[in-house]
Structures are given as structure tokens and as C-alpha cells.
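Enquirer: Chain residues, written in single-letter form:
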Amino acid sequence: MNPAYRRHHPKWHRARMPIFWWLRKWSYFRFIARELTSLFVAYAAVLLLVELRAVGAGPEALARFTAWLRSPPVAALHVVVLLALLFHTLTWLHLAPRAMVVRLGSRRVPDVAVLMGHYGGWLAASGLVAWVLLR
Amino acid sequence: MPETLVLEVRRYRPEEEAEPTWQRYQVPFRREWMVLDALNHIKDHLDGSLSFRWSCRMGVCGSCGMMVNGDPVLTCATYLETLLPGPVRVEPLRGFPVIRDLVGALTDFLVKLRRVQPWIVRETESPPAQGEYRQTPDELAAYRSYAQCINCMLCYSACPIYELEPGFLGPAVIALAQRYNLDSRDQGREARMEVLSEHDGIWACTLVGECSTVCPKHVDPAGAIQRYKLEAAAAWAKALLRPGSGP
Amino acid sequence: MREPGLWLLFSAGGTLAALFLPVLVAVLWVAPGVGWLEPPAHQALAAVSGGVVGRLLLTALIVLALYHWAHRFRYTLYDGLQLYHLNQLIAALTYGVATVLSVVAVVVVWG
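Protein sequences appear in the order of chains A, B and C.
Each residue of the first sequence is one higher than the last, beginning at 1 in this note's numbering.
Each residue of the second sequence is one higher than the last, beginning at 1001 in this note's numbering.
Each residue of the third sequence is one higher than the last, beginning at 2001 in this note's numbering.
Looking at chain A on its own, in the form it has when it is part of the complex (with noise of 0.2 Å):
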């Protein structure tokens, strides 16, 4: 071989990746909106603590915190915040049939079947916190 000869390799071209991919497409928007979900699912659980700290401290306390919510601003928000926990709830069930597969005997469970399962799973759930909270 030439000892002159240096193998050539051409120069590959790297694209990077924007800081806002996520703008670049639907899917990846709604991936996003997706995830940040979970905020407010924080949001909800800090203030199911403030409102339970407001149970322990009586009747005069947890009245404050319903004058707070009855607050227009406030109602806005939380009308938003329940959207959103939605928006997580219908994306979560939704993903559920991809992680399990589940089988009677030896057939396996359509995805459709286990679908309506986790829904019907949610609404009983929903039902019986429902009741309890309002009997």
C-alpha cells in the first residue's frame, strides 16, 4: 500500500436537536402538555395537605378554605387544574393495555377489553370516593 495514501473519510453532517423540538410537531406538543401534567397532579396533592391541615384546625379553618375557593380566580384555576388531571387520567388509561399483557387461559385479552376495564375501574373508583365524600 502508498504510504502516502490516508484514508479519507468524508465529513459527516450532525443536525442538533432546537431547544423547542417540542414546537416542531403535534405529537410532540401534546407529548409534552402530556407531561406536564404532572404538575398539577403536585399542585392537587399540596393542596389536599393544606386543605386536610385545615380539617385538623375545625370548622372555622376549613371555612376559610371554602371562602378561598369560592373565590373567582380561584375557581378559574381549579376548573383548569380538574382539565388537566383529566387530560392525565384519559392519557394514562389509555397507555395501560401497551404495558400488560393479559391472558385467560390461553387467549389473549384484546387491548379494547382491558381498556374498558381500567375506564370502568376508574369511574367505579370515582363513584365510591364520590359517595363517601358527599353521603
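Because the hints were derived from the structure by calculation, they are not lab data.
Mixed in with the good hints, there may be bad ones.
Listing some non-contacts, in silico: residues in chain A with all C-beta distances to chain C over 12 Å [to be verified]:
no., residue
1, H8
2, W12
3, T37
4, T66
5, F87
6, V109
7, P110
8, V114
9, V129
Computed list of lysine-lysine pairs in BS3-like fashion (alpha-carbon distance at most 30 Å, straight line) [said to hold, decoys possible]:
no., chain 1, residue 1, chain 2, residue 2
10, A, K11, B, K1217
11, A, K25, B, K1217
12, A, K25, A, K11
Glycine residues also receive a C-beta, built at the ideal position from the N, C-alpha and C atoms.
Got chain A sorted already, so can you dock chains B and C onto it with the hints?
Expert: For chains B and C alone, kept in the frame of chain A given last:
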């Protein structure tokens, strides 16, 4: 129906330019043509310097994957008619370094694929005299969809995590590992677990789900990854509760 | 190798949050806020949150929801804004905040 259609093709000639450029071509429009036919027309009649990969032209070899109007598709399976009125943007598959024009470097995928040992791993080989390893239809069904992967890499282009984290194993590699993990003839589950359970293995995946959306063979790599996460987490928990018995 | 454990916490938290948070938010905060329903009486809430079962469920829900947020938000920052160089800091902050708030939760629920 128009007579012609414009293709805007991403060119990259490393010996001539430092950055990729666009080049416009006007190709005849035929109702039965795929994007691949248009590209071949360009190469045959308009510009012989255009480089791209293709082979079977019927969706089984996985060679002709490219970005068409921003979506990763098999160009042999995408009708020009669905892209009217154009112009149609054709780029190399995202997520991979570009060697030239529409040709990407797939080395990273091949290196990662090898690491998960995509073949039947046996601890004990039965002698040929005992016959084949038999498998029932149900056992085949357990991994069949993952065996349909044609290594077309569309899932890697669809996955933002693969583009963001170069160490990520990626959808097809994990799906192919699962294809063997779930094969009743295979005994290599533990061997693969170490590679898959790395931080850049399955755990980098955040279930964006785009990989399964774009897969032309309905492999559902997202499902494979999710199932494996459950399995790996269960194995981890078991090892935690019974130290010394786990991997 | 902590990833499997963190993922299990994330999954459990996500599932509990998916099943229980919408109804809780609707009944406790939205319906009273917009005036559709009277909020549950103090007595009812005290009874639910005073019993051992109620306390266990509330602790599980709140603590796991917090860790769900921590894990998910950590990855959202990591991938969404490409803050790889801050990985350790983000992990420490998210899981740290979740842990601190979990301690607060135990104190409030069981105190």
C-alpha cells in the same frame, strides 16, 4: 391531476459544502408513483449525483426510509398522490449523521443491536438427534409482532429521546431484544437484562409513543418497552427483597 | 441502579393520581368553587381523614403523587429543555422537594 410535481430534496456533498442545502426538482406526476419512483426518476433523468438507499421497493427490506414533509416514512410505500399539490420535502432520516444527500449513517443502531444479542441464546443445547425446538402457535404469538421489524429506523427518527440522548438504545433494539426474550426457545433473558437495564436502556424512554405510530410493520416498540420496564422493575424489586437471589 | 425503583414510584403515583384526583378535585374544589354543590361538611371530612384506613390511603395518594411529579418533571426538564448538564441538580431538587413534602404530609395526616 397535475402533470408535474416539485420535490425539494436535501443535498449534502461533503466534498463541496460544509452544510446541507436544498435542491428543487420537477418530476412527472403519475398516480401510481411512490416517492421512491420520483427519486429514481431524478437519478435516472435529471441528476445522477443524487444518493439514496433503496432495494426491494415493496416495504420489506427497510432500506428506503426518509423524512417526507417532516414525517419518517418508507418512500416505497408513500404515494405521490397523497402529497399533492406539493412541493414535497425529502430529507434523510432524522437522528442519524448524514453521510451524503439522503444517506444516513446507521452504525450507532447496529452497534446497539449487537449489544442485546438478537439471536437465540441457549444455556444448554439439545443434541440434533432430539429434533427441533418445538413451539406452539400461542408461543409464536407471544413474540410474533416484534419479529416483524425490518430495521427501517423510522422509529428512531420519530423518537425525540433518541435524538436528545445519543446513548439511548432506541425502540427497535429494545423490541428486538423482547422478540428473543419472549421466544420460548430462548434462554438469554438474564444476559440481555444487564444491557437493557442501563440508565440509557429502557429507562431513558418516556413513552412518547411516536415510534409505534410510525412503524410500517405494526411492531409496537412502545409496548415492548413498557412491558419490559414492568418486567425489569419487578426483577429489581425481587432482587431487593431477596438479596443474593437476583441477577 | 435506582431507576427501577423511581419508575415504580412514578407508576404507582400516576395510577393513584389518575384514579382518584379528578373526582377529589371535582367534589372538593370545583363544585363548591362554582357553586354547584355544597362542599362536604367538616364532620364528614374529619371522619374520613381521621380513621386509620383513610389516613393510610391519603398518605399513599399524596406521597406517591409527589414522587410521580418529581420523576416526570425531572425528565420533562431534562428532555424538554435539554438541561443535561444540570441533571444532578434537577434530580436533587425534584426528589428532594418530593421527600420534604412527603414528610410534611405524614405529619399533617397523622399528627
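Enquirer: Please go over all the hints and tell whether each is borne out by the structure.
Expert: Hint by hint, here is what the structure shows:
Every CB of chain C lies more than 12 Å from the CB of A:H8, the least distance being 33 Å, so the non-interface label holds. Listed as outside the interface, A:W12 is consistent with that label: its C-beta sits roughly 21 Å from the nearest C-beta of chain C, beyond the 12 Å cut-off. Remark: the non-interface label on A:T37 conflicts with the geometry, its nearest Cβ contact in chain C lying 8 Å away (cut-off 12 Å). Residue-level check failed: A:T66 sits 5 Å from the nearest beta carbon of chain C, not beyond 12 Å.
Non-interface status of A:F87 relative to chain C is broken: a Cβ of that chain comes within 12 Å, the nearest being about 10 Å off. Look at A:V109: its CB is around 19 Å from the nearest CB on chain C, clear of 12 Å, so calling it non-interface holds up. With a minimum CB-CB distance of about 21 Å to chain C, A:P110 clears the 12 Å threshold, and the non-interface call stands. A:V114, annotated as away from the interface, keeps every beta carbon of chain C farther than 12 Å; the closest lies near 14 Å.
Annotated as non-interface, A:V129 brings its C-beta within 12 Å of a C-beta of chain C; the closest such distance is 5 Å. Taking the CA atoms of A:K11 and B:K1217, the gap is about 33 Å. The hint is violated against a cut of 30 Å. Of the supplied pair hints, the one linking A:K25 and B:K1217 holds, its CA atoms being roughly 22 Å apart against a limit of 30 Å. With a C-alpha separation of about 29 Å, the suggested pairing of A:K25 with A:K11 holds against the 30 Å cut-off.
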